[in-house]
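Construct the complete structure from the given sequences, taking the supplied hints into account.
Listed below, chain by chain, are the residues.
2 protein chains.
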Amino acid sequence: MKIAVVGVGAIGGIYGGLLAHIGHDVHFLLHSDFEHVQRNGLRVDSVLGDFQLPKVNAYQHAADMPQCDVIIVALKTTANMQLAPILDVLLKPETTLLLLQNGLGAEEFLAQHYPDTSLLSGLCFICCSKIGPGHILHLDQGAIRLGEYSPQQEAGITPKMRAIAELFANTGISIHFTPNLLQARWEKLVWNIPFNGLSVILQQSTQGLLTDRHCRDLLVELMEEVIEAANHCGFTIQAHYAHVLLHATDKMADYQPSMLLDYQNKRPLELESIYWEPIRTAAERGFNMSKTRVIAQQLAFLDQQNKQ
Amino acid sequence: MKIAVVGVGAIGGIYGGLLAHIGHDVHFLLHSDFEHVQRNGLRVDSVLGDFQLPKVNAYQHAADMPQCDVIIVALKTTANMQLAPILDVLLKPETTLLLLQNGLGAEEFLAQHYPDTSLLSGLCFICCSKIGPGHILHLDQGAIRLGEYSPQQEAGITPKMRAIAELFANTGISIHFTPNLLQARWEKLVWNIPFNGLSVILQQSTQGLLTDRHCRDLLVELMEEVIEAANHCGFTIQAHYAHVLLHATDKMADYQPSMLLDYQNKRPLELESIYWEPIRTAAERGFNMSKTRVIAQQLAFLDQQNKQ
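Protein chains in written order, with the UniProt record's numbering: chain R, 1 to 308; chain D, 1 to 308.
Everything labelled a hint here was simulated from the structure, so no lab data went into it.
Careful, some of the hints might be misleading.
It does not matter which identical chain is meant; a pair holds if it fits inside one copy or across any two.
Claimed, not checked - Listed next, the in silico DSSO-like pairs over lysine-lysine satisfying Cα-Cα at most 30 Å (straight line):
no., residue 1, residue 2
1, K251, K307
2, K266, K188
3, K307, K266
4, K307, K2
5, K55, K2
Right, dumping it as structure tokens:
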């Protein structure tokens, strides 16, 4: 079974690296790190155990890659517009697409282009970052919530999901099935919307945000707004979930959310999938995410400044 | 007629300096700049004409000052808790207190302590800053909206207001009377809440905020929220006032709002009077200033960080 990893940042690097490490046939499509990885392979410093892959299948162009049975898309959603020419080359009729991306909208976008392709998504609960070319640091956690996309929302637990879980069986990564992927995406937004945004705006890692009284109030109030939005969109998230996530984050190692790292490295921020698409989706159901909108507008300003 | 100026920052410096410059008997109570001003006087670089006052009545302690007919309070509202021992010394029965301060709550606070003292407030529409000890830069504008405080809100145009306007007659400063001081305070908040807050959070002067599309939307939406809050509190501000202020600010010279200067100089931010008091006042009338609250919470975090 051939596995492609499209995008080898922190997420593609850790999960693709683990799959290669346990012996799977993994093919990495790289961009800026191509030459380094082709020459030196991948290095992973992980809480699951450090390892090096001195020789990996590294590619600069999709056209050079084999067609694959599983394609892991680990690009930032800001790069999804560039996916079509890559997937056109890599896809076979029976290929499974596995998106490891945050926010809303990626499945709908891909389902329009590839209506007959199985589309699965993994929501990654992991603290990791790329700290150098081909060099991934995995600090904490690692579990994936896995679901299959269905326009009817509730896909249940499918054979394709079991097959993906099988792939990860010996990696040390826990796979948790979710029968309702979009519900899981909204649940993840309950964390991502407050923590990613405020970490960029206030230039703080998680513990700095959590320990300030006013900022902690703001985190909770944003979480509550996302929960309310999700419930307006037909999902069911209990109000106390905000506090569950808050206390879980209290116990996590201090962490720089991925959007803060993107900002610091002058990469574009995933505002469309993490902010604007949820705001629009809720507005269509008559709910105004007014606090989230303030955060999104501030981030849009900072993102624009960052590009200059 | 003796005039005291309590607090000689940008506002106390420019208005007190102008009054002294045209020959009034002005007594300045200084804090950090005392020694410099006692030795060198005040220097004012102003669009109305530069001038120096080589010798001013400078004091380090209120106890050394004469009782005054007019006391101009030009401290930041964050220092109002320190006013009582100063005013106890300076006040005569017929003294007029003139507050040159932003936000809500200062009159109510002082009226509790000095119920028999005439309390006037001037809202300053001015671009000025203190650029060195005893050295004021006045870049643009300068008008004062003057009103008398009345617990019944509508004080009308009073003899005390005319007397203060008389004092400023030859300074080049326009005095505009407002019969309803609290309405005028809310109108000023329509500008202060968005521009002061976002300038600190996004580290931008006015033109930088205005020219970004998302940030401009946010400015307008915050202004509209303040207008809605004011209208809930029994005042009358038209919806289009947001656009009036926006276009006026477009035409103003690029400007660092006073809160941004306070932040950069590690001075405490006027969050109580400009944010929390309006938020509480609106909440008592059943209106939730949800966007303003996000800004206030972010500012509270930054203010706290700034103190460390």
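Structure-based check of each hint:
1. K251 to K307: For K251 and K307, only the inter-copy Cα distance (26 Å) is at most 30 Å; the intra-copy one is 34 Å.
2. K266 to K188: within (24 Å within a copy, 37 Å between copies)
3. K307 to K266: Both: 7 Å inside a copy, 29 Å across copies.
4. K307 to K2: Answer is neither; intra-copy 37 Å and inter-copy 56 Å both fail.
5. K55 to K2: This pair counts as within: shortest intra-copy Cα distance 16 Å, inter-copy 86 Å.
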